[in-house]
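*Asks:* Residues per chain, in single letters:
Number of protein chains: 2
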Amino acid sequence: MEYTKPLAKLIEHFQHLPSIGPKTAQRLALHVVKMSENEVKNFASSLIEAKTTIKYCEICFNMSCESPCEICRDLTRNKNIICVVAETKDLMAIEKTNEYNGQYHVLQGLISPIDGIGPDDIRVKELLYRINQNDIKEVILALNPSVEGEATSLYLGKLLKPFNIKITRIAFGLPLGSELEYADEMTLARALDGRVEI
Amino acid sequence: MEYTKPLAKLIEHFQHLPSIGPKTAQRLALHVVKMSENEVKNFASSLIEAKTTIKYCEICFNMSCESPCEICRDLTRNKNIICVVAETKDLMAIEKTNEYNGQYHVLQGLISPIDGIGPDDIRVKELLYRINQNDIKEVILALNPSVEGEATSLYLGKLLKPFNIKITRIAFGLPLGSELEYADEMTLARALDGRVEI
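Going down the list, the sequences are from chains A and B. Heads up: the first sequence begins at 282 in this note's numbering, then just goes up one per residue. Heads up: the second sequence begins at 282 in this note's numbering, then just goes up one per residue.
Bound conformation, chain A alone:
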């Protein structure tokens, strides 16, 4: 038996979303059929609204309905420090810590020669422009500890050196609450490497 056609189509749409496999897609689609018509209509219009109203901030390339975005317009935030992240979701993760009160710069990607993504394909030019035009005292690189994140950090580190500003990178090491015994070797090596005096 094949799925009835509109259901098959909906399952396929769900399956195209990240981290949704065929079983979950089926469960979600069957759930939608059981939702009230009103709920489904609201969901559908919310999809379209999000897609059509959310743009990128022209300063930091964060997702926002307005440009400049809420963060760039916020006068209470420190204008002299920029935290560089790969994606809006990383920005959100840092905002949730409530520990950071500076600006952001969303690269919208990472350098990845294997995928053919070079420095010109991400928002590096725009970062340089911001540093040139503003009184920036520190750039924090908050990129994933992956091959691409490391490559991009290295590249940006070299590129920003001539500006004579403080360039830092977030710390990699043991996550809090974890046990040394169960840490993988790479993490432990980085933790050792990044040891600080007490």
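Hints should not be assumed to be uniformly reliable.
Each pair may be met inside one copy or between any two copies, as identical chains are not told apart.
As the list claims (entries may be wrong) - When the alpha-carbon atoms are kept at most 30 Å apart in a straight line, the in silico DSSO-like pairs for lysine-lysine are as follows: (1) K370 with K286; (2) K286 with K439; (3) K447 with K315; (4) K315 with K377; (5) K304 with K290; (6) K304 with K439; (7) K360 with K336; (8) K290 with K377; (9) K304 with K336; (10) K377 with K286; (11) K286 with K315; (12) K406 with K418; (13) K439 with K418; (14) K442 with K304; (15) K286 with K447; (16) K315 with K360; (17) K406 with K315; (18) K442 with K315; (19) K370 with K336; (20) K442 with K370; (21) K286 with K360; (22) K286 with K336.
These are computed hints drawn from the structure, not numbers from a lab.
Start from chain A and add chain B according to the hints.
*Replies:* Coordinates of chain B only, in the frame set by chain A:
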């Protein structure tokens, strides 16, 4: 920082779907913003199409755009055997085995006194009517091995006894490829209990 409003709304919609937590909901919503406008529109209309066109088959209560559904209309299928399942997704799982060629009956739920769901809240009446009106030779109960599934199987077993038809239940036991050593006690007990002569 709060999410920009349309994004927050979309994240909330995703979060209402089953098995989608706040992190996944955020990832899905950010993904939608990155999809092409056309893709998002197709997704949205597919949601509404599935909701508005899919009804339940008046015979077996399977989800379908037409009533009777594809399975009930299929003349090549055995009309003398009914497999009783709780939900359309269980029907789909059995269909995927390609091992069954009879009819189905979707109860649209299971008896669950804790949740206040009794035999009248699920499609039991309609099952009795079908058995009365048609020449049914066997009823297979294919309900989950849960408390509710067991209760419903027990109830249906008693209810159908007077009809003098064959009533069977799918086998519970060790899943294929599993190891006896790692099976939980309940499964192992059921496997022992359901032993068959060879």
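*Asks:* Against this structure, judge whether each hint is valid.
*Replies:* Verification of the supplied hints:
For the identical chains of this complex, K370 and K286 are inter-copy neighbours only, at 15 Å across copies versus 34 Å inside a copy, given an alpha-carbon limit of 30 Å. For a Cα distance limit of 30 Å, the shortest separation of K286 from K439 qualifies neither inside one copy, at 55 Å, nor across copies, at 38 Å. Taking identical chains as interchangeable, the C-alpha atoms of K447 and K315 are never at most 30 Å apart, the minima being 55 Å within one chain and 33 Å between chains. For the homomeric pair K315 and K377, the shortest alpha-carbon distance between copies (22 Å) is at most 30 Å, but the shortest distance inside one copy (34 Å) is not.
Within a single copy, K304 and K290 get their C-alpha atoms as close as 14 Å, and across copies as close as 25 Å, so both meet the 30 Å cut-off. Within a single copy, K304 and K439 get their C-alpha atoms no closer than 46 Å, and across copies no closer than 34 Å, so neither meets the 30 Å cut-off. For the homomeric pair K360 and K336, the shortest alpha-carbon distance inside one copy (22 Å) is at most 30 Å, but the shortest distance between copies (57 Å) is not. Proximity of K290 to K377 under the C-alpha cut-off of 30 Å is restricted to the inter-copy arrangement: shortest distance 18 Å between copies versus 36 Å within a copy.
Taking the shortest alpha-carbon separations for K304 and K336, only the inter-copy value of 21 Å comes in at or below 30 Å, while the best intra-copy value is 32 Å. Only between protomers do K377 and K286 lie at most 30 Å apart by alpha-carbon distance; the minimum there is 16 Å, versus 42 Å within a single protomer. For the identical chains of this complex, K286 and K315 are neighbours both inside a copy (17 Å) and across copies (26 Å), given an alpha-carbon limit of 30 Å. For the homomeric pair K406 and K418, the shortest alpha-carbon distance inside one copy (18 Å) is at most 30 Å, but the shortest distance between copies (75 Å) is not.
Proximity of K439 and K418 under a CA criterion of 30 Å is satisfied intra-copy only: 17 Å inside one chain copy versus 79 Å between copies. For a Cα distance limit of 30 Å, the shortest separation of K442 from K304 qualifies neither inside one copy, at 49 Å, nor across copies, at 36 Å. Taking the shortest alpha-carbon separations for K286 and K447, neither the intra-copy value of 58 Å nor the inter-copy value of 35 Å comes in at or below 30 Å. Taking the shortest Cα distances, K315 and K360 sit within 30 Å of each other only across copies (28 Å), while inside one copy they are farther apart (49 Å).
Proximity of K406 and K315 under a CA criterion of 30 Å is satisfied inter-copy only: 21 Å between copies versus 49 Å inside one chain copy. In this assembly of identical chains, K442 and K315 lie within 30 Å of each other by CA distance neither inside one copy nor across copies; the values are 58 Å within and 33 Å between. For a Cα distance limit of 30 Å, the shortest separation of K370 from K336 inside one copy, 15 Å, qualifies, whereas the shortest one across copies, 38 Å, does not. Taking identical chains as interchangeable, the C-alpha atoms of K442 and K370 lie at most 30 Å apart only when both belong to the same chain, with a minimum of 27 Å there against 58 Å between chains.
Taking CA atoms no more than 30 Å apart as the test, K286 paired with K360 passes between copies only; the shortest distance there is 24 Å, against 54 Å inside one copy. Taking the closest pair of Cα atoms, K286 and K336 come within 30 Å of each other only across two copies (12 Å); inside a single copy the shortest separation is 34 Å, beyond that limit.
In terms of the numbered hints stated before, the structure departs from hints 2, 3, 6, 14, 15 and 18, listed from lowest to highest.
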